[in-house]
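Generate the whole structure from the sequences, applying the supplied hints.
For reference, the chains in residue letters:
There are 4 protein chains.
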Amino acid sequence: MAKKKAAILGSSGMIGQRFAQMLNDHPYFEVVAYCASDRSEGRKISEVWRLHDFEIPRGLENVTIQPTNPASLGKHDVEVVFSGLPSEVAGPIEDECAEHGMAVFSNAASHRMEHDTPILLPEVNPEHLASVVIQKKRRKNGGFIVTNANCSVTGLALGLKPLIDEFGFTEVDVATYQALSGAGYPGVASLDILGNVNPFIKNEEEKMNQEGEEILGEFKNGRFVDSPLNIQASCARVHVRDGHLEAVFIHDKNMPDQKMISRTLSQFKSKPQKLGLPSAPEHPIIVRTEQNRPQPILDVDAGTPDRARGMAVTVGRIRVDKGCLRFYLLSHNTIRGGAGGSVLNAELAFKEGLI
Amino acid sequence: MAKKKAAILGSSGMIGQRFAQMLNDHPYFEVVAYCASDRSEGRKISEVWRLHDFEIPRGLENVTIQPTNPASLGKHDVEVVFSGLPSEVAGPIEDECAEHGMAVFSNAASHRMEHDTPILLPEVNPEHLASVVIQKKRRKNGGFIVTNANCSVTGLALGLKPLIDEFGFTEVDVATYQALSGAGYPGVASLDILGNVNPFIKNEEEKMNQEGEEILGEFKNGRFVDSPLNIQASCARVHVRDGHLEAVFIHDKNMPDQKMISRTLSQFKSKPQKLGLPSAPEHPIIVRTEQNRPQPILDVDAGTPDRARGMAVTVGRIRVDKGCLRFYLLSHNTIRGGAGGSVLNAELAFKEGLI
Amino acid sequence: MAKKKAAILGSSGMIGQRFAQMLNDHPYFEVVAYCASDRSEGRKISEVWRLHDFEIPRGLENVTIQPTNPASLGKHDVEVVFSGLPSEVAGPIEDECAEHGMAVFSNAASHRMEHDTPILLPEVNPEHLASVVIQKKRRKNGGFIVTNANCSVTGLALGLKPLIDEFGFTEVDVATYQALSGAGYPGVASLDILGNVNPFIKNEEEKMNQEGEEILGEFKNGRFVDSPLNIQASCARVHVRDGHLEAVFIHDKNMPDQKMISRTLSQFKSKPQKLGLPSAPEHPIIVRTEQNRPQPILDVDAGTPDRARGMAVTVGRIRVDKGCLRFYLLSHNTIRGGAGGSVLNAELAFKEGLI
Amino acid sequence: MAKKKAAILGSSGMIGQRFAQMLNDHPYFEVVAYCASDRSEGRKISEVWRLHDFEIPRGLENVTIQPTNPASLGKHDVEVVFSGLPSEVAGPIEDECAEHGMAVFSNAASHRMEHDTPILLPEVNPEHLASVVIQKKRRKNGGFIVTNANCSVTGLALGLKPLIDEFGFTEVDVATYQALSGAGYPGVASLDILGNVNPFIKNEEEKMNQEGEEILGEFKNGRFVDSPLNIQASCARVHVRDGHLEAVFIHDKNMPDQKMISRTLSQFKSKPQKLGLPSAPEHPIIVRTEQNRPQPILDVDAGTPDRARGMAVTVGRIRVDKGCLRFYLLSHNTIRGGAGGSVLNAELAFKEGLI
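Protein chains in written order, with my numbering: chain A, 71 to 425; chain B, 71 to 425; chain C, 71 to 425; chain D, 71 to 425.
What the hints contain is simulated information worked out from the structure, not anything from laboratory work.
Careful: at least some of the hints might be erroneous.
A pair counts as met if it fits within one copy or between any two copies, since identical chains are not told apart.
[Claimed, not checked] In silico lysine-lysine, DSBU-like type, Cα no more than 35 Å apart, as pairs:
#1 K114 x K344
#2 K290 x K206
#3 K392 x K272
#4 K73 x K114
#5 K392 x K210
#6 K75 x K329
#7 K344 x K290
#8 K323 x K74
#9 K114 x K329
#10 K341 x K290
#11 K210 x K344
Shown next, in the form of structure tokens:
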């Protein structure tokens with residue numbers, strides 16, 4: 071089977087580099103164009119590479135970053151676009167790619183709130199992908215856009231999914247301990263975070279609430295129906311490279327015991343696991359029983375097999391007391407909550423015959 | 071008025087050094103003995119000093135650390151003891167001091183749960199000090215022990231006090247971002263926290279719950295009556311030197327609006343302010359309206375006048391939505407939540423004629 | 071005596087804020103204008119303040135940042151200008167101020183290499199101030215510019231001065247451990263420095279060599295004559311907020327012993343001490359004998375009296391072996407190596423009757 | 071060929087875990103015993119594992135840590151011992167293993183200065199291994215001890231080797247930026263290093279000098295003859311997890327140009343490369359030409375093939391000026407400067423028929 075030709079937009083950024091990592095030697099997709107903004111255009115991948123934990127794939131060092139030109143991508147038979155563009159510029163460029171008939175898998179917030187554009191999280195709402203059929207109709211050439219959620223809500227939604235399905239929880243408080251890579255590069259100034267915590271991330275709490283409601287809601291009769299979920303979030307930036315940690319509190323009058331919660335989380339499997347998607351983690355939720363886990367430096371890369379490293383969320387310290395369930399949850403913000411999420415979305419779309 | 075002679079126990083530790091800072095040139099107390107464990111005995115204060123933000127008070131550099139000997143303190147007319155001892159050893163030593171007739175103001179957890187020993191927080195429960203009268207009866211020589219609360223619950227209880235008085239809140243979720251100094255010295259290994267968060271602090275969540283209930287409860291008919299308060303805490307250690315930040319969530323069906331919350335917090339004054347205690351902050355709760363405060367490095371030392379630096383808690387990002395009140399709260403864990411708390415307790419006891 | 075009216079340029083930056091700190095309640099100068107670039111113009115000082123260790127002086131919170139307009143400053147009788155402008159823009163603005171007759175004390179590199187503009191370090195080369203007489207002739211209205219050296223060479227030159235005077239050393243190797251504040255704000259990206267060292271600071275090593283030669287050289291017959299000093303520097307950025315630490319190696323065939331070195335350093339006093347300049351540290355070089363000093367967090371603020379905090383350099387771990395002298399030296403890069411240096415320069419110029 | 075049975079001493083420490091990593095699936099050695107002190111005895115490997123960048127090898131999680139019992143190891147046919155014991159206890163235990171006929175490869179300093187025990191660094195002084203023949207004679211049962219050097223001098227000696235061979239350099243100044251893992255676990259207290267540099271590491275500078283002289287010297291007529299090398303070191307601890315960075319200064323009257331230095335370093339290969347030892351890096355010295363390398367987080371794992379990750383040293387910023395050569399050098403302190411060094415030593419001894 072011939073691989074689909076793909077392009078990465080925003081190649082010089084934190085998400086763009088994670089795309090290069092996740093798509094290296096991918097069974098479905100072959101990256102033929104690394105695009106970025108004017109500032110990076112013409113530079114070699116090796117000059118912009120900043121991932122400390124993944125070496126530039128062999129042969130990629132000297133590849134030159136191209137300008138971002140949707141028309142030109144179309145001419146070169148690019149069918150799939152992975153977008154790590156910043157939200158300020160992503161909107162029109164992604165639209166243009168879709169209008170040229172490409173399937174766009176985007177990390178940007180720009181299109182998330184559109185009525186026929188899914189915020190897809192394959193283990194949680196694979197049925198939302200059906201919205202793309204509607205979207206394709208309004209666009210020329212059969213292109214479409216699929217977004218993935220904000221990095222903070224991605225891990226949370228994945229962790230909540232089996233609990234909501236099983237127990238119907240609706241009231242969630244969450245305080246986050248978010249990593250620096252979530253702010254992109256150069257992002258957070260070192261003087262602002264050395265020995266500090268910044269208890270504010272612009273729009274983050276609103277996104278967690280709004281996107282969470284949609285992701286965990288339904289796609290019914292051609293439209294998204296929000297979940298009754300009420301997420302109250304307080305988001306802070308901490309001095310961590312990768313990995314968003316979240317303290318989750320769930321209140322419910324009929325709270326099951328710790329053992330049932332733990333079992334429900336650890337046994338969870340969903341469509342990506344059933345379909346055997348290449349980047350799907352064998353166990354999407356890993357429950358740790360040690361008293362001091364999850365920790366960003368130890369658990370951020372959770373997920374097997376190798377291609378799914380960073381795609382599992384880790385849950386630990388599950389406690390139930392007086393109708394309140396507490397746990398800590400960790401997910402890799404630029405893999406599961408970023409590039410890896412988009413790649414998994416594309417794998418699902420591919421397997422479903424949409425690409 | 072002659073100053074009362076005082077001793078510091080645990081002088082070589084983080085709390086002990088904060089005692090030396092807070093008691094420097096104090097109007098009521100004069101430190102005549104700096105005591106510590108065998109390991110530090112005989113060393114000079116300058117050799118164990120580790121506070122980066124407060125220089126050793128002039129004249130103290132060459133003072134020698136003494137062994138911890140309650141009987142000897144008694145013989146030298148020490149009337150007040152400030153204890154920064156670790157909880158593992160504090161119990162019997164503090165008891166012995168009290169039996170020798172001294173008034174002991176302790177940071178340790180050892181005696182907090184005793185039926186006639188208050189966990190005193192002067193702005194919150196000054197009436198609990200009355201329990202000391204009972205305690206004095208069972209002890210020889212009129213000595214007694216007053217404890218202050220765990221560093222995490224101290225800031226929280228102070229922030230909750232006016233809200234509970236005014237609105238009767240009972241349901242509180244709190245996630246903490248706690249500083250390294252809270253673990254004492256050497257405390258947290260650098261390899262464990264560099265670029266990391268540790269989502270576990272031994273016994274901390276239990277203490278927040280139990281001590282919170284007592285502090286915010288009543289002292290009635292000679293005994294402590296717990297508050298109906300339900301604190302659900304998730305405690306984590308972050309890469310910060312001083313200052314515990316807390317994300318607080320309060321649920322209530324009749325939630326007032328943000329403005330009322332803000333006004334109630336910022337207008338709060340209590341007994342220490344009325345009595346003009348030397349270490350009492352003019353405004354015990356400072357409300358910040360910037361969108362990214364409180365931050366540990368910027369707000370940890372909040373509190374005026376100078377003697378009350380680090381004694382105010384700072385609250386920011388007050389939000390009300392769907393019956394849920396969220397805010398961030400910061401307090402200095404080794405000053406308000408440590409040595410400064412004990413000093414304020416002693417000032418109250420002094421002013422009330424108990425010393 | 072009436073104070074001289076002063077303006078601060080670059081008020082919103084790291085150096086500008088240190089100027090506000092150092093000039094607060096100054097006996098010679100009164101700041102009447104806080105200027106900055108368009109981006110900050112119109113904002114309040116409190117909105118740009120980022121110093122974690124010095125509160126905004128009372129009354130300054132609501133002062134508004136003005137546009138940078140030399141002509142207007144002249145009209146408002148500003149006689150002294152303190153410039154914390156970035157080197158990219160400082161050149162022409164500082165020139166314009168000088169042409170309007172003002173005395174400019176600058177941190178920027180722009181004018182350092184001019185033949186009649188001193189790189190002044192009052193303890194090291196107070197006689198270089200005489201170059202200003204020449205400079206005043208070529209400028210209209212009697213204005214002039216005095217620069218201070220790069221932050222890394224400032225501490226080094228101060229530490230070398232008594233050694234060179236006494237022993238004639240010329241061969242110096244130095245490796246630096248430089249603080250983040252040296253790069254300004256936002257400066258170093260947190261992702262670049264978390265758990266890392268960056269062994270490159272643009273132009274820094276060249277400046278240490280060139281400026282060091284001039285500072286420690288003479289001003290003779292109306293021109294600067296370089297010292298025979300050969301500084302070989304390797305400069306790196308480390309994860310420290312304030313304080314440049316330097317490992318110094320000096321080779322000489324007739325190397326005196328450790329005791330002589332130590333005494334020579336600790337006994338050093340110079341013109342600012344003799345003149346009693348307000349910001350001059352009583353002891354410009356503090357020698358520590360503990361085996362693990364100087365440390366940035368403990369020694370960065372060295373210097374007495376209060377107004378001279380951060381103005382002393384600290385030297386420690388003096389070792390002599392096989393003709394090689396090694397020691398560590400620390401200085402505050404935005405105080406002694408920044409704003410404080412300029413203020414001391416202005417104090418000297420004022421005392422010498424040049425303002 | 072049957073693999074040699076091996077044991078790891080100090081399995082619960084930083085070096086011990088790196089041994090487990092390096093010996094995982096090793097072609098010559100099979101670890102049959104993981105030993106540690108009383109404190110860790112009986113615990114599972116998974117309970118003590120702290121490497122954030124290498125997962126516990128499959129099957130090792132549940133292996134139980136044994137007591138350290140040389141006699142018992144002998145009985146179980148252990149022929150090779152890898153020691154990550156702390157120097158305080160290593161001496162007699164390693165001796166006992168050697169007396170039981172085992173070949174001991176040790177990281178500890180205990181035996182480094184013995185007249186017939188080599189400080190082996192296979193690319194630098196493979197001929198020193200001959201000293202083992204003498205040592206075997208004085209021990210019972212043909213056992214022996216081979217040490218590897220202190221982690222700071224290891225990288226330096228490797229980088230100096232081709233330069234000394236080619237140009238005869240003898241005068242070296244070096245300032246280090248050393249990682250936290252070099253102090254073991256728990257090692258450096260977080261309060262001591264957050265936002266700080268500690269300019270003192272006990273005995274480190276002396277070791278760099280003494281061990282450097284021996285390593286780069288000869289083994290002639292049955293004894294070690296020191297090199298005329300004069301290393302003047304200043305050692306500091308920085309806030310980095312793994313990787314010792316060093317600023318190296320070399321003075322010589324006949325200093326070659328930068329190009330020759332660079333070529334000499336990058337072309338260097340030695341005996342381990344010729345013998346194809348499994349853990350030998352293809353290029354033991356990697357020269358980077360970017361202006362801001364080497365950096366700990368980017369270069370610490372340098373070395374190909376996979377088994378040699380962390381075994382290459384990286385050199386960058388080579389500059390020559392006025393008879394002084396400056397460069398920065400980085401090596402992995404617990405791999406090349408620790409466990410990996412011992413493993414390479416054992417591979418050499420195996421290949422040479424000594425085991």
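Taking the hints in turn, this is what the structure says about them:
{"no.": "1", "hint": "K114 x K344", "result": "between (39 Å within a copy, 34 Å between copies)"}
{"no.": "2", "hint": "K290 x K206", "result": "within (17 Å within a copy, 71 Å between copies)"}
{"no.": "3", "hint": "K392 x K272", "result": "both (33 Å within a copy, 20 Å between copies)"}
{"no.": "4", "hint": "K73 x K114", "result": "within (24 Å within a copy, 45 Å between copies)"}
{"no.": "5", "hint": "K392 x K210", "result": "neither (55 Å within a copy, 42 Å between copies)"}
{"no.": "6", "hint": "K75 x K329", "result": "neither (46 Å within a copy, 43 Å between copies)"}
{"no.": "7", "hint": "K344 x K290", "result": "within (23 Å within a copy, 62 Å between copies)"}
{"no.": "8", "hint": "K323 x K74", "result": "neither (50 Å within a copy, 54 Å between copies)"}
{"no.": "9", "hint": "K114 x K329", "result": "between (52 Å within a copy, 24 Å between copies)"}
{"no.": "10", "hint": "K341 x K290", "result": "within (19 Å within a copy, 60 Å between copies)"}
{"no.": "11", "hint": "K210 x K344", "result": "within (33 Å within a copy, 62 Å between copies)"}
Hints 5, 6, 8 from the list above are not met by this structure, while the remaining hints are.
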